[in-house]
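Novice: Under my numbering, the residues of the sequence shown are numbered 1 to 486, in order.
Simulated from the structure, these hints should not be mistaken for lab results. The C-beta atom is built at its ideal place from N, Cα and C for all residues, glycine as well. Each hint should be verified, as a subset may be incorrect.
So the derived label-pair ranges between C-beta atoms look like this [claimed, not checked]:
1. L174 - W134: 20 to 28 Å
2. D153 - R356: 35 to 43 Å
3. R156 - F285: 17 to 25 Å
4. G72 - N95: 54 to 62 Å
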Amino acid sequence: MEAGDFWLGVGAGHAVSPRRARALPSFGRRVARGTSMKSAPFGLGRSNRSPLRGVADSPLLDVNRLTVRFGGLVAVSELDLDVIEGSITSIIGPNGAGKTTAFNCISGIYSPSAGSVRFEGHRLERPLTAGICWRAIGIGLLTGLLCAAAAVDVDRLWLAVVKRGMVTGTPFTLVDATTRLRGYFRAELAIDQMAGKWRVVSADGADVLAITRELSEAKALRNALQAAVTARRVGPGTVPDTSDLADVVEAVPGARQLPTVKEHVLDRLAAGKKRIRWRGWTGLFVGWMLGTAGAMAVWQRGRRSPHIVAQAGISRTFQNIRLFSNMTVLENVLVGLDGRIPGGVLGMLFRTPANRRSEETARCAARDELAFVGLADDANRIAGQLSYGDQRRLEIARALATGARFILLDEPAAGMNPTEATHLASLVEQIRTRGVTVLLIEHHMNVVMRVSDRVAVLDHGVKIAEGTPAEVKRDARVIEAYLGGA
1 MEAGDFWLGV GAGHAVSPRR ARALPSFGRR VARGTSMKSA PFGLGRSNRS PLRGVADSPL
61 LDVNRLTVRF GGLVAVSELD LDVIEGSITS IIGPNGAGKT TAFNCISGIY SPSAGSVRFE
121 GHRLERPLTA GICWRAIGIG LLTGLLCAAA AVDVDRLWLA VVKRGMVTGT PFTLVDATTR
181 LRGYFRAELA IDQMAGKWRV VSADGADVLA ITRELSEAKA LRNALQAAVT ARRVGPGTVP
241 DTSDLADVVE AVPGARQLPT VKEHVLDRLA AGKKRIRWRG WTGLFVGWML GTAGAMAVWQ
301 RGRRSPHIVA QAGISRTFQN IRLFSNMTVL ENVLVGLDGR IPGGVLGMLF RTPANRRSEE
361 TARCAARDEL AFVGLADDAN RIAGQLSYGD QRRLEIARAL ATGARFILLD EPAAGMNPTE
421 ATHLASLVEQ IRTRGVTVLL IEHHMNVVMR VSDRVAVLDH GVKIAEGTPA EVKRDARVIE
481 AYLGGA
């Protein structure tokens with residue numbers, strides 16, 4: 001089972017965070033022993049909205065010029081469909097007409113190539129909030145810091161910030177590390193040790209200015225050299241007077257100046273600060289921009305996903321049965337209730353009284369859903385042992401358990417005999433009495449004509465007719481394309 005299939009089949013399931021779960025309709029905190037969930041406060045799946053059969057109103061679901069392309073193949077072309085709250089709307093058409101593709105777009109499995117899908121006047125997508133923007137900026141900043149570290153040479157940065165402190169015997173602290181990091185970007189001179197001798201080196205460790213035998217002498221020499229270099233760094237291309245530096249080194253007992261100081265090291269020191277800063281800031285800026293853009297691109301791809309659609313109050317079944325066949329019938333319905341059970345990880349881990357009450361309430365609600373679809377006596381059976389028709393009913397019970405206000409049924413009567421199809425039609429009508437709006441794909445014309453308020457007909461991805469069942473039944477284009485008339 002694919003992740004997208006799981007989300008829409010069971011609604012907001014295991015991956016919903018406690019914060020989001022609390023935002024969904026939930027149980028009452030306490031249900032008296034022996035009390036049915038139908039009479040309990042905050043009963044699951046029981047809407048206070050009355051059915052609105054045939055009443056003109058603003059649509060609950062508004063599909064506007066929906067187009068889906070797979071490469072050069074247009075599976076659905078500019079589909080317009082309005083579904084009124086409390087109604088039963090059917091989509092019919094020959095195989096390959098684009099019916100399931102339209103369902104997949106509505107449920108978030110596919111993203112439309114063009115057009116829009118609105119539920120209660122809102123797009124079925126995660127809203128862009130300030131919190132999301134700040135998180136993307138934070139990810140970009142972290143990426144920028146990593147890029148800045150790479151731009152200024154990670155090995156030398158590690159040497160300057162961490163290893164040099166260890167060489168001098170200074171305990172590693174965050175304050176000292178920050179100080180050394182700042183010194184590195186300011187191209188300040190540092191102290192290093194090699195072969196038992198102390199060296200005054202450039203910030204990146206590439207150039208050695210002087211060597212002493214004692215640490216105290218090295219510190220004094222470093223401070224003197226740094227003061228001399230800083231005093232003479234007046235602008236780009238300015239090279240300090242090397243004789244003054246030589247005097248500084250010779251003034252420290254035991255210090256030895258290297259010959260390379262007079263040749264090229266001072267040029268490096270004069271430009272080192274600008275070079276390191278330019279690399280660091282460039283890496284930070286480029287990384288920040290790329291990281292932020294990448295984070296927003298990833299968020300955009302998941303902006304309209306099945307679990308977002310499920311949280312909006314939409315659930316669905318699939319053309320092919322998607323049950324957990326090795327679990328019991330009751331457990332399958334409990335999966336649909338999972339996102340609506342209050343409590344967090346700690347409550348489940350320590351089996352708190354509140355958690356146990358919530359689980360008992362969930363079992364009551366699951367049994368009510370099974371009773372609604374006629375499977376109350378099969379609660380403890382393995383789902384895979386049910387007949388095909390009963391497995392279809394179980395899928396519907398699990399979808400209803402999410403508390404959905406809008407349910408999409410993809411060929412629920414497929415594979416059923418006429419008697420089972422008749423019972424299924426009765427179940428769909430009962431679903432409407434709960435205030436749940438139904439969008440149906442079905443090939444059983446008896447079922448469609450019996451339960452539907454409106455029927456839309458697709459042919460090769462294009463809607464060729466829409467109206468009441470009687471109107472569609474008389475439409476010449478429908479007769480030619482689907483019903484087989486001449």
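Novice: Now tell me if each hint is right for this structure.
Specialist: To see whether the hints hold, each was checked on the structure:
1. At about 24 Å, the CB distance of L174 to W134 agrees with the hint of 20 to 28 Å.
2. With their beta carbons about 58 Å apart, D153 and R356 fall outside the hinted range of 35 to 43 Å.
3. Taking 17 to 25 Å as the suggested C-beta distance range, the pair R156 and F285 conforms, at roughly 21 Å.
4. Evaluation of the 54 to 62 Å hint for G72 and N95 yields a failure: the beta carbon distance comes to about 21 Å.
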